[in-house]
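**Student:** Residue numbers (numbering that gives the first Met the number 0), protein chains in the order written: chain A, 0 to 162; chain B, 0 to 162.
The hints are simulated quantities; they were obtained by calculation from the structure and are not laboratory data. Among the clues, some could well be false.
Stated by the list, open to error - Interface residues of chain B toward chain A, partial, derived using beta-carbon atoms under 8 Å:
id: 1; residue: I32
id: 2; residue: I105
id: 3; residue: L118
id: 4; residue: A122
id: 5; residue: L157
As the list claims (entries may be wrong) - To give an idea of the chain B side of the interface with chain A (calculated C-beta under 8 Å), a few residues:
id: 6; residue: A58
id: 7; residue: T78
id: 8; residue: L100
id: 9; residue: L104
id: 10; residue: A107
id: 11; residue: A108
id: 12; residue: L141
id: 13; residue: A143
Even for Gly, the Cβ is constructed at its ideal location relative to N, Cα and C.
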Amino acid sequence: MPAPTALVSLSRASLTNPAPPPEWAGSSRVRRFIVLRGSVHQLPQRPQRLRPSGGQAVREHPIRLGRWFLAVLLAGWLTIALWCFSQIRGGVEPVGAISVAVSAAATHAVALLALVATLNFVAWLRRGDYLWVLPTDFGGVWPDWLVPIALVLGVVTGRLFWH
Amino acid sequence: MALARHRELLRKLEIVVLAVVIVGLFALFGFAISRAVTADVTRCASPPASDSPIGVELAVVSLAGFGLGRLLALARKWTNQAPPVADIDTVRTGGPLQGALAGFLIMAAVLLAYQTYALAHTAQAPPITEYVRCAAVHYPALTAVAAAAVSLLLGNWLWYPTR
Chain A
0 MPAPTALVSL SRASLTNPAP PPEWAGSSRV RRFIVLRGSV HQLPQRPQRL
50 RPSGGQAVRE HPIRLGRWFL AVLLAGWLTI ALWCFSQIRG GVEPVGAISV
100 AVSAAATHAV ALLALVATLN FVAWLRRGDY LWVLPTDFGG VWPDWLVPIA
150 LVLGVVTGRL FWH
Chain B
0 MALARHRELL RKLEIVVLAV VIVGLFALFG FAISRAVTAD VTRCASPPAS
50 DSPIGVELAV VSLAGFGLGR LLALARKWTN QAPPVADIDT VRTGGPLQGA
100 LAGFLIMAAV LLAYQTYALA HTAQAPPITE YVRCAAVHYP ALTAVAAAAV
150 SLLLGNWLWY PTR
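Let the sequences and hints guide you as you build the complete structure.
**Tutor:** Structural data, given as structure tokens:
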């Protein structure tokens, strides 16, 4: 995969242009120049927010919303659980109320993920910052096996109550 | 290792397999929707007879597909020499794929919302469960193929190795 244009531009510029003034170093306002066929063009002031990683360009500066995402997720689930509890106390059949509650909980989680994915897609279109809602370090916990355990528990529970 | 020399071929094979599974699923769901439009799914409100093995068979097929999805994820990680998920702190997914993911999640959220509404108001709208039951009774082989394909993709996606 070819290197990002900005990177190529910078490397070419470094061959033909003097280094930028020290006060520009590390700033997003660093001016970038591109030299093509002897002419000098100034790139837009807006930073590209791209950097090369593993042979492809990735965006920098994630907006980390992990705790907010978790808070909204848990608040929704808590609300659904309280509604389910109130329904059962009101005399509704538990299996029916729990069925609706579990489906609503799944809807809530998937809808939040869909919102994040949509915002990230829009961010990709606009070359903006992307959202990051999952931690990269799970504190030594290996989450791989949580998935099959949840799956088996779900199948067993479904077999017991929803057959 | 001899297989390491064929990574490029395996990458192409990976794309072909995933494309075949996805296109096949679209074809199956298209067929299912065309049949469901004219069908009376309320006849499938009750589960199949207790002596019918179709439920257990579909559960086994789904679990096998999910496990196969894990193996496929391991193979894809090895083929692409992808870094561990826990070490990735940037979005590496391409923009079009992000758009497809957002579209898929929105569709899933809408379907789950319908399922929640239908479970709470069974008289007004038949739950998706009834469509699945109808499919399992009338087209068990096709339903098993669809269940295996969906489970394969879910296992590949949700049970992707984190290390």
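**Student:** For each hint, tell me whether it holds in the structure or not.
**Tutor:** Hint-by-hint comparison with the structure:
no., hint, in the structure
1, I32, "21 Å, violated"
2, I105, "5 Å, holds"
3, L118, "5 Å, holds"
4, A122, "13 Å, violated"
5, L157, "6 Å, holds"
6, A58, "6 Å, holds"
7, T78, "14 Å, violated"
8, L100, "5 Å, holds"
9, L104, "4 Å, holds"
10, A107, "5 Å, holds"
11, A108, "4 Å, holds"
12, L141, "22 Å, violated"
13, A143, "16 Å, violated"
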